[in-house]
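Peer 1: In this note's numbering, the protein residues as written are 1 to 82.
In case anyone wonders, no lab produced these hints; they're calculated from the structure. Fair warning: this is a prediction, and the values are worked out from it, not measured in the lab. Warning: the hint list may mix true and false statements.
Claimed, not checked - Only pairs whose alpha carbons sit at most 27 Å apart, straight line, appear in this in silico DSSO-like list of lysine-lysine:
id : residue 1 : residue 2
1  : Lys61     : Lys72
2  : Lys50     : Lys72
3  : Lys61     : Lys50
4  : Lys65     : Lys50
5  : Lys58     : Lys72
6  : Lys33     : Lys50
7  : Lys7      : Lys33
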Amino acid sequence: MLFTQQKYSEFGINIFEYAAIFEFLIAPFSDFKILLFSTITITAVLLLCKLDDAWRRKYPKTYSKINFSFDKKTGSVSIAIF
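Based on the sequences and whatever the hints tell you, model everything.
Peer 2: Written out as structure tokens, the structure is:
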């Protein structure tokens, strides 16, 4: 919806005055680029999670060394920063 507002603001039209709540929910599906970007992002995150899990199972020593042994600590939540 923000991308659409940017397009119409060039002509002095405020689309938020005329928008209903339902339009905010379906707006991401109206533009193919936004839908494609969302799909690629979700797929990339899922793929990274699968690769991380496979690496942890296949090479536990190197995985632990790269992650500073955070995977072996119990009782705490690790936060990964990419």
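Peer 1: Report the numbers of all earlier hints that the structure fails to satisfy, in ascending order.
Peer 2: Structure breaks no hint.
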